[in-house]
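Here the protein sequences come in this chain order: A and B. For the first sequence, this note's numbering gives the first residue as 1, with consecutive numbering after it. For the second sequence, this note's numbering gives the first residue as 1, with consecutive numbering after it.
Errors might be hidden in some of the hints.
[To be verified] Computed spacing ranges between beta-carbons, pair by pair:
id	chain 1	residue 1	chain 2	residue 2	range
1	A	I7	B	L39	18 to 26 angstroms
2	A	V13	B	E85	42 to 50 angstroms
3	A	S30	B	I54	16 to 24 angstroms
If you're looking for bench data, these hints aren't it; they were derived computationally from the structure. Computed from a prediction, not measured in an experiment: that's the story for all the values here. We treat Cβ as the ideally placed atom computed from N, Cα and C, and that holds for glycine.
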Amino acid sequence: GQQVMQIPQYQHVQEGEDFTTYCNSSTTLSNIQWYKQRPGGHPVFLIQLVKSGEVKKQKRLTFQFGEAKKNSSLHITATQTTDVGTYFCAGSYNQGGKLIFGQGTELSVKP
Amino acid sequence: EPEVTQTPSHQVTQMGQEVILRCVPISNHLYFYWYRQILGQKVEFLVSFYNNEISEKSEIFDDQFSVERPDGSNFTLKIRSTKLEDSAMYFCASSEEQPYEQYFGPGTRLTVT
């Protein structure tokens, strides 16, 4: 079935270090979205990528969508303690709204 | 800023009982969703709803589950006969279009004892 795999499961970094999480789908995605969930909170939308090879930036966050539209990554430059949380990718396989979430990467940042 | 609201924030019920989880999506949104998240695990899609009918549902969404939009604002998820494994956080989400960004509510924590 349709699955989105995400690694790593956990990442512990020192404040100021970079962080990357990766998502991979077994089949081509229509689009991919990224969400952040703070501890005890709900998923909050960060970005959507639609085009093959697309790269989008939000301040220290860089999002990429692979050429084959099967993988994606989120890179955070110079992490801050406010970046703490779990980052989920969520893929869609058609133009519908059903999102298949990855397992998430829990980021902890040591000051 | 408009937001999705959900009630109650926490529901405790006994196995076999029926529960109704309520959501008020963002007012101009047309697409509505329910997801669940078992503690410490990923978010799982349950069902999407558009134009007063289910548009997609997952394998989790079996005959024990139903959704309804009883009026112009509420969107409900009913579980007819709860099981222990239904214990999870249930998130409602809405979007203006598909496949636009989805706005998630704060969730209802369901505990089945």
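Hint check:
no., hint, result
1, A:I7 with B:L39: 18 to 26 angstroms, "holds, 21 angstroms"
2, A:V13 with B:E85: 42 to 50 angstroms, "violated, 35 angstroms"
3, A:S30 with B:I54: 16 to 24 angstroms, "holds, 20 angstroms"
The structure shown violates just one earlier hint, number 2.
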